[in-house]
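Below, each chain spelled out in residue letters.
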Amino acid sequence: MNNATKKWVLLKISTFILIPLMTWFIINLVNIYDEEYVEVLKFFSGQPSKFFVSALLIIAFLHSALSINEIFEDYIHDKKIKNVANKTLKLFATIIPLITIVIIFNLSI
Amino acid sequence: MENKNPLSPHIQIYRWHISSLISISHRITGIVNIIALIFICFWIALLLLGEQNYEYINFFFQSFFGKFLILGLTWSYSFQILSEIRHLIWDFGFGYDLNVTKISGLIVILGSFLLTILIFLLGKQFI
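Line by line, the protein sequences give chains A and B. So the first sequence is residues 1 to 109, counted in the numbering used here. So the second sequence is residues 110 to 236, counted in the numbering used here.
Isolated chain A, as found in the complex (with noise of 0.2 Å):
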């Protein structure tokens, strides 16, 4: 399998799971976006939530990395340009969820 073809596998496989994980997360968003501190608190910091949350992070960030960097090779010309892009995507998309799943599984009412 080359590796354009393992791109595309992994993100379909990302959809795949994306779609009930996003549907959930977004249901629950429209409930408690406008709640008072603890009670969001208490979402967050609760199962499944902690759960659910954390691998919509990592799904959701991996799926967009890899759907951003089709982004880039379709109109990015550069070839240097290309690839500190890419790299920067990959960092952010590792930092930033990683960092969320920690502060969610050190968050506690």
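Treat the hints loosely; a few may be bogus.
[Said to hold, decoys possible] In silico contact screen, one side only, chain A against chain B (beta carbon under 8 Å); selected entries:
(1) 5
(2) 17
(3) 19
(4) 26
(5) 27
(6) 29
(7) 34
(8) 100
[Said to hold, decoys possible] Lysine to aspartate or glutamate pairs mimicking DMTMM-like chemistry, simulated, CA-CA at most 20 Å apart:
(9) 6/A - 73/A
(10) 6/A - 200/B
(11) 42/A - 206/B
(12) 90/A - 70/A
(13) 176/B - 35/A
(14) 42/A - 200/B
(15) 176/B - 39/A
[Said to hold, decoys possible] Listed next, the stretches of chain A that the computed footprint assigns to chain B, with coverage defined by at least 3 CB atoms under 8 Å from CB atoms of chain B:
(16) 39-51
(17) 57-65
(18) 87-99
Keep in mind the hints are simulated off the structure, nothing from the lab. Keep in mind the model is a prediction, meaning the values are calculated, not measured. Glycine residues also receive a C-beta, built at the ideal position from the N, C-alpha and C atoms.
Guided by the hints, dock chain B onto chain A, whose structure is given.
What follows is chain B alone, placed relative to chain A:
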């Protein structure tokens, strides 16, 4: 070695069709959604700062702009969900007929508004 891959044509030279509208909207909503997710990460991090500091963000979310932002995000996520389902159906080899792509495109556009309403009703526990 020079990359000989063809580049996508620039969007300003396209004659707009439903398919191209859905395609570019899919990319735009994808970018909006990931930016929103980054802000959601900051929102979660703000919880660490305690109840007093959270009042500012709560004030914003209770304002008209906060509610409009969440409504817009719900539409953006709804659009992305339906458009991804359309892509998955294509990946299974269905829906390539020109008329079917037009109909499925319209379903994505109209369905995204209906799904937004449904998500709001479910989220606010009206149903």
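query: Taking each numbered hint in turn, which are not upheld by the structure, reported in ascending numerical order?
result: 1, 2, 11, 14
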